[in-house]
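With chain A's structure known, arrange chains B, C and D on it following the hints.
One letter stands for each residue in the lines below.
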Amino acid sequence: MSEKVIQKNKMVDFLNELLKAYKVFAPVKRDHIVSFDAIQSSGEMLLNYLNSRIPPKEIFFPRSEKMFEYIRDDLIEVKEVLPSEERKVLFGIRPCDAKAILLLDKVFDSPDYQDPYYLRKRKETIFVGMGCDRPQSTCFCTSLGGAPFSEEGLDLLFTNIGDRFVVKGITEEGETLLEKYEQVFERAKKSDLDDKLNVEKEAVNRIKSKIALEKIEKRLDKMFEDSFWDRIYQKCLGCAVCTYLCPTCHCFDITDETMDTSGERFRAWDSCQFALFTLQASGHNPRMSGKERVRQRIMHKFNYFVKNYGEIACVGCGRCIKNCPVNFDIRQILLELVS
Amino acid sequence: MGRENDQKVGAVLVVGGGIGGIQASLDLAESGFKVYLVDMSTSIGGVMAQLDKTFPTNDCSMCILSPKLVECGRHLNIEVKTYTQVKDIQGNAGDFRVNLVRKPRYINPQKCTGCGQCAKYCPVGASDTFNENLSERAAIYIGYPQAVPLAYAIDRDKCIGCGLCSNICLVDAVQYSQEEQEEVIDVGAVILAPGFEEFDAHLKGEYGYGRYPNVVTSIEFERILSASGPYRGRVLRPSDGDIPQKIAFIQCVGSRDETCGNNYCSSVCCMYAIKEAVVAKEHVREIQPSIFFMDLRAYGKDFDKYYQRAKEEWVRFVRGRVSSVEEMPQTQNLKIKYEMDDSKLMEEEFNLVVLSVGFEPSPGIQTLAQKLGIELNEYGFCKTYQFSPVETTRPGVFVCGAFQGPKDIPETVMQASGAASCVADLLSSVRGSLTRERIFPPEIDVRGQSPRIGVFVCHCGINIGGVVNVPEVAEYVRTLSNVVYAEHNLYTCSQDTQLRIKELIKEHNLNRIVVASCSPRTHEPLFQETIREAGLNRYLFEMANIRDQCSWVHMHEPEKATQKSKELVRMAVAKACLLQPLKRLELPVTRRGLVIGGGLSGMTAASSLAEQGFEVYLVERERELGGNLKKIHYTLNGMDVQGYLKGIIERVRANPLINVYTNARIKEVAGYVGNFKTTIIADGAERELEHGVVIVATGGREYQPEEYLYGKDAKVITQRELEEKIAHGDNAVLNSNTIVMIQCVGSRENERPYCSRICCTETVKNALKIKEKNPKANIFILYREVRTYGFREDYYRKAREVGIIFIRFDEDKKPKVAKGKKALEVLVREPILGEEILLRPDLLVLSVGIVPQPDNKKLAKMLKVPLNEDGFYLEAQMKLRPVDFATEGIFLCGLAHSPKLMDESISQAYAAASRASTILAKDKMEIEGMIATVNEFRCTGCGMCISVCAYNALELDEEKKVARVNEALCKGCGACSATCRCGAIDVLGVSNEQILSLVDAL
Amino acid sequence: MSKNSELQTPNSKLQTDWEPKIVAFLCNWCSYAGADLAGISRIQYPPNVRIIRIPCSGRVHPLFIMRSLQNGADGVLVSGCHPGDCHYISGNYIARRRFAILKNLLEYVGIEPERVQFSWVSASEGEKFAKVVEDVVEQVKALGPAKRLVKRKADPH
Amino acid sequence: MQKREKLLKEEVKKLLDKKQVDMVIGYEKGTLALRTTPCFLASVDDVDRLVWNEFCENNLAKYLPGRKEKVAIVAKGCDVRSIVGLIQERQITREQIFIVGIPCEGIIDRRKIESRLGEKEILEATCENGKILLRGEDFQEILKKGDFLYDSCKVCKYRNPIVFDLLIGDRVPELEKIDEYAEVRKFEAESPDERWLHFQKEISKCIRCYACRSACPLCYCEQCFVDQSQPRWIGITDNPSDVGVFHLFRVFHVAGRCVDCGACSRACPMNIDHRWLLKKMEKDVKELFGYEAGLSVEEVPPLATFKEEDPQDFIK
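Chains as they are written, first to last, in my numbering: chain A, 1 to 339; chain B, 1 to 1002; chain C, 1 to 157; chain D, 1 to 316.
What the hints contain is simulated information worked out from the structure, not anything from laboratory work.
Watch out, some of these pointers could steer you wrong.
Computed cross-link-like contacts, BS3-like style, restricted to lysine-lysine with a CA-CA straight-line distance of at most 25 Å [unchecked claim]:
hint: 1; chain 1: D; residue 1: 316; chain 2: C; residue 2: 131
hint: 2; chain 1: D; residue 1: 307; chain 2: C; residue 2: 153
hint: 3; chain 1: A; residue 1: 79; chain 2: C; residue 2: 151
hint: 4; chain 1: D; residue 1: 307; chain 2: B; residue 2: 311
These figures come from a predicted structure and were not determined experimentally.
So here's chain A without its partners, still in its complex pose (with noise of 0.2 Å):
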């Protein structure tokens, strides 16, 4: 696999030249806020940024969507509505994400089941990463087989390491990428690569929170009706802000839009923090209090998801101690289990 230079008043020709044949998502600032967005052009997209706050999980799973509409008469005629395949690439990910998507990719393209509409999404998609060079207090990717250059999911790799970037190509599509744009790029000099071994050895250092959860897993078998819960749940205020800001939470619900004799059938976001998450029709809510959602998202996590899919739900990324109203930090909670 290439590693490539590509100085940093390239950057601009670069993007210029994805943006003719892709539809590029790229970190974006609005209102003080940096999300992956589709761009028009490359000065939009923000090259200093520390991570996005809502992780470009809604690229492939947005928030809401529409699956068909429907006629009702006698019988009911359902017309499909699927998103459109087109190019993309999703540039500047970070490796924490691009390995969510691997996560939501075993959910929702799995030998059991294959979402049509995430996987037109997904589908067609080139993943170029940008390394994590700052690793923020509230990063823990490390301690779930991650790593602030991992190159995991990711096709291509940039590295910060001062005026330029060092680019590497990971899998063929990005090979293919530096290829075909070839021009901007130039040879890296072994003092490149050097300076890139520098950056990631720092940012790994710099990540301080380390928690042992080889063994979360069987430690939760054992949890379930532990005081615990009891003791930690109470600050949680049951809003989604841990669960919709998390890469890897892929809850929806389904709900029909009816008018008369017609309809349309959506999927929205969900989170297991919602006090109605789990209300059935008798009124009855077999997850009432704070406590058992907050176990919930936990054992989801950590355990169900491990049974499931043999991974860990989480990346480390940090988003729901940041974001969190109430200052709950998941990582206290992991520190006390795995204890």
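Just chains B, C and D now, with coordinates in the frame of chain A:
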């Protein structure tokens, strides 16, 4: 018929279908009597239907009346006989035989759908009597748009017999051949509620009525003000249709006037004049109304406040008697000459003059009464006695309303209910013997079935079909989901279509019915009954109003009207999909009453209930029964009060059905209508009483004055103390040379802005009594306004005739009282002379007002009923529900309601008993199905619903911390539901989901 | 989607055949009776209004109004008994506060004031009812079709 | 600050010691700079965890509804007004709570600081003598506290709790000459088009996480209207109409109840300007009905009552 002589008849004849007759009929029918309601005109409603607004709340008259009209018209046990007169009544109390004569209306009311096509095509005009002849109607007509029964009549004096109406009528309702019909009915009692006629203003030639177009009577002006009146609510004058900038109201036209023989005061004119003036000004701000009056008699509950507000903001009040009205030839304006208080003569020009005409009994009823052997008073009103204000001189024949004496709507309603109670006392042994109940087949269980909707689209003759393409609408409806069957009918409300609907429900297993026709307000009950007869729950019904709110109002846009009809039906179908059967719960009723207060009102109410066979608990705070009555010795017309009091106490004590608790107080009230549990402490012992109704008769108190040296000088006493002294023959009093009486002590002031109503009468009574015993006594009455309304005016006049001197003072120029060297000194400004006069009375008598009981607040809180600003109990609605509280099952009478005279308290006490008996008469009460319901999973118990509920129908379940609906009290208004943030309260039958379905089907 | 497309310039995009659709919530006892009286009196008014009968103006949940707008109603009218006339004693008073707040709120976010209107119409005010409808229709016509808060357009008229 | 914190600890210790309450709800040090986090203490030994400083942004009244035990709550002026609302609405009884009132001179708006610093991560923040000291990996910065207060704190009229069982430290001077509705008036003066655009701009950020609702001390419904399906009041998608109606309705629900504690704005991960609408409601309720929320336990919230003379110019 061969009845035995002592057999009573459980039916009642009510003569007169005005508000009095309606109220009496409803009360009687609800408490188990068959009622024949007879009215001379083509529909019921009387004068109240003609009114625009009502004082002192400015309520819309029709808004509050029309539900009662509809209720009356549809009541299974009220037979409304319009265009009918009583010819003769024979027999005795309990068993009368009545001859009725029905005039031909030339229309078959059973067939007439009230669609009005005939009137539209009738070529003959006639003047519209409902609008006081200020506009025209056709020779074929209904009284007014909301008329009950909604059936036309032909005015044969005007009809030219062209046959157009007959040709146009698609239901063949026109019957030119109808003739006068006689009918005989048997009843146990009769209530006369014939109302009044307005004084004929022509007789006061000096005011120019009939000669000058811009001189109108107050009732004509009422129609002018009405939105449904001749000018559609625009305030115009008849001569040229201009807005009259300056309007003069002349009071006492045909009242308090010896020249026309009507010496009495008509009691209501002052207030209605203020109301009309205020409403006119509300319509057009530029209008300047002036009211020319002698005494402003705002004596009723909240009247003085109304008067004060009008005075401050809207209306000019001129104290002066108008001597003549003259028309100015060019402008047709009117020049008024009047004499001021200080004898100054004035002239002023106005654009319109309204004559506040008084009340007279109609000559027809006078003739009938005389024929029936019912005594009339000197003015031709029905003669009654102070202690039996609703009984005529013929046993078994009762009276209510203006025929008994001029009066306002609430007093009429009270007397109507009161008369009903007296009837029930008489006929309680045959209660329920002639009433019917409707029997329905068992209900089909439609739960779990998917909607199978049947839709019936009505042509209403050509009323709808002439504009809307009805077949096309029906065709469209068939395409809607869940519609199994749809058809269109010439008249969906006709008898044969009703049968057809029932058959089609069976044939197609329909489980929801939609009718697209006219207004649910008039026809929903009919269709509901039909589907109920077919075994469907009555709430599985929905209506689309494509006539009143579509074809009739878009007559020139047939396509758009058709489109709109389709959408209206679509909406109705969408809601119908969500309709659920609702149960009308039945609650058991504890058939006992609790009367709080053992004064005149309480005892009267208790004995009336007991006479009707209901057990009563009578709770009195003092050791003795009697209340305020203990202090009163004689009436204005000289009747012995203490004798009467003794009699009623004996009756109450002797009645085994009345349990009297004296020295008792209420500790706690729990429960609700039909099922109250009240804890009392009587003579120190706690007792729990179970009862179905509560009557609040806690009375009032005499104001304890601090002004005018009361308590500081023995020569200053109150009227009651004076009466006591007179009754005991206190010579010092009777031989006094000079007596001064001061009116409005403690009344009509900042702290107590209301008029105490009785003081003027009491003062005149005592003054006359003294004069009678000591004709030489000099009596000066210092007053602000003499409010001797009704026939009491005679005594006021008599007082002046015997030399009692009345001196008026203004609120801001009250008399000054000081201790002189020898005697008291009273300084008052005489307005006619404009000078101060010094009086040195031997006795100064203060006419003190009535104040509410100080513990009203406590009891009101226990009962959860409101008080008004003055501290008296506040009834549900001032005009038509004067003895009801908003909370069902609790009633009100006597001074607890507001200051009033003895006969008025007695009427009201009977009325409370009557209202109470409508509940006690049945062992179960049926509850409306469309009521609020709480989803306990959603409710947080925040209590907002409790706060907005006007009926106390919501309470907090302290244990579950959720709101609970008291089904017996809920009226289904939905204020709670729309206030609930949690979506926890909904209203069955008009649920959030159902309303949203209408909006979604837009 | 350009947000500016939602900004309306009156009369600019008015199709000639466009007719506004007005939803009217009328209380059963006064305003609905007033509307009936307009019918009985054959007072003509524009056919744009779709009447929903409710027991009391106090029954009108603010969301009924918002849902009407969402469903593409070009105007909403809520009408009840005059103060003091309420069949349910005080439902209209409670409603009046609710509506005052709601109306201000909707206006504040840019919903044209004429879109949501309120009236007191009594059982005897047939003519007033017709006049109110006429006014509402006229004012809404001047505004053009509703675009704000609209989720779906109501059936073409 | 430190003095007050010390006093707070002493008093709370006494409360727990004398078993006057079963539990204390207060603040403790959080895991992030510029933050504290709610804590629930039942033991005297835990009391030292309590903190009080300019970062105690959460409205702890949120944790009161449904409590069974007797609790003490550390409450700022605005929090106390929320508590009054909860008592009015029967979510808690006055007897059940012990209000540890704490005069407050304004809470620091972490978002304002973060946006001032751009993409620099703040690792430590302290506040002393009106100065905020910030430290990051490779920077240090001192800011003036007054410039970085929450907007709601800048127009706060009740910095001293109006109801309390115990007041920690001396009262602080109330702000003078504040014009709390200046912003609202500014918007009112704008054209409907501009207001609509602003509304659209704000709600377009919404991800419907309902943090605004969840953080609001007065949003205590068992099932929020937005979650209900019978009827489905509002669509659940990100259709702008539904999102708009959600926000309008949420605001309507707190009309006459909102005390402008700012919890919704602080909780919102998307920086939506919630106060824009809330302040308008507050102003209207005050002007139309003469009512201010959270001042009296006896009063009925304004939309559950009426006066005959309420304004009705808007009704034809």
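So which of the earlier hints does this model not fit? 2
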